[in-house]
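**Student:** Now for the letters of each chain:
Protein chains: 2
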Amino acid sequence: MKNEITMRPIGVIRCGYTSTSQIPKGRGASHTEEGTIEILPELEEGLTDIEGFSHLFVIWMFDRSAEGYDLLTTPPGETRAHGLFATRSPRRPNPIGLTVVRLLGRDGSRLRVRGVDMLDGTPVLDIKPYLSGVAAEELKRGWLDEAGR
Amino acid sequence: MKNEITMRPIGVIRCGYTSTSQIPKGRGASHTEEGTIEILPELEEGLTDIEGFSHLFVIWMFDRSAEGYDLLTTPPGETRAHGLFATRSPRRPNPIGLTVVRLLGRDGSRLRVRGVDMLDGTPVLDIKPYLSGVAAEELKRGWLDEAGR
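Protein chains in written order, with this note's numbering: chain H, 1413 to 1561; chain P, 1413 to 1561.
Please note that the accuracy of each hint is not assured.
The list treats identical chains as interchangeable, and a pair is accepted whether it falls inside one copy or across any two copies.
[As the list claims (entries may be wrong)] Derived SDA-like pairs: lysine to any residue, alpha-carbon spacing no greater than 20 Å straight-line:
id, residue 1, residue 2
1, Lys1552, Leu1516
2, Lys1552, Thr1460
3, Lys1437, Asp1475
4, Lys1437, Glu1549
5, Lys1552, Arg1420
6, Lys1552, Val1512
7, Lys1552, Gly1464
8, Lys1552, Glu1490
9, Lys1437, Thr1511
10, Lys1552, Gly1527
Hints in this document: simulated from the structure, not taken from any laboratory.
Here chain H stands alone, though its shape is the one from the complex (with noise of 0.2 Å):
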């Protein structure tokens, strides 16, 4: 098995978050900021026909958080911890961010996105056309539904 891979940022979000505390997180938070994925111009030429889906993966790089990681975390507004996999914890062993959002328009190497919840400047290490989802009725999501906090 490989044992290590090093990864070069494909572009770089701008959006209108500095802080993390800015950020909505935790039950029910709605994710609903504009911003825009900025693409290396190098690699315009991958992004062609990408202006036909709705929805894309954005797979990115926690470059601020704190370093280092616990395995049972307590995320924010939860009174009990998990284990750090079962959790969207920015500090887990490889620092990958994973976010979901609506594709609103593309220039050149710019993508214009809602639903950004990463900080202004975050590395972006890779970007997917969004396929199917899961049925909401076919869902299970463990401590998140249960009862009280």
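Got chain H sorted already, so can you dock chain P onto it with the hints?
**Tutor:** Same frame as chain H, but now just chain P:
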């Protein structure tokens, strides 16, 4: 902006796929293969409470794809090329794979899952809980929804 990041696997996929030719690809491909995600034993506590979630995002490494990438790529079964970020091509600037799996159960540091589309031995970089999907009626899927091939 941070310029590069080195990632290390948190675990490995175990499944019956030993060659990419065995993995269903293209339009209408259905992923029902079962497999196991073996998380490193020292990270097992990070899986606490994960069994309450029905679906997980698995972020993994395309460790056996040819190096490099083309900005335009023709997906399996298609006749037209598209920008690589509008496809799920394994040859990408950062060789990151993303799969939604159904969680069948957990035995210690092993997660039994359905819906694998990676090769046996694939390194896993992160696991996140799947919290909500985009409804089918809200989705536009670009070239995938166009008539014909």
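**Student:** Determine which of the earlier numbered hints do not hold for this structure and return their numbers in increasing order.
**Tutor:** Of the numbered hints, 4, 5 do not hold.
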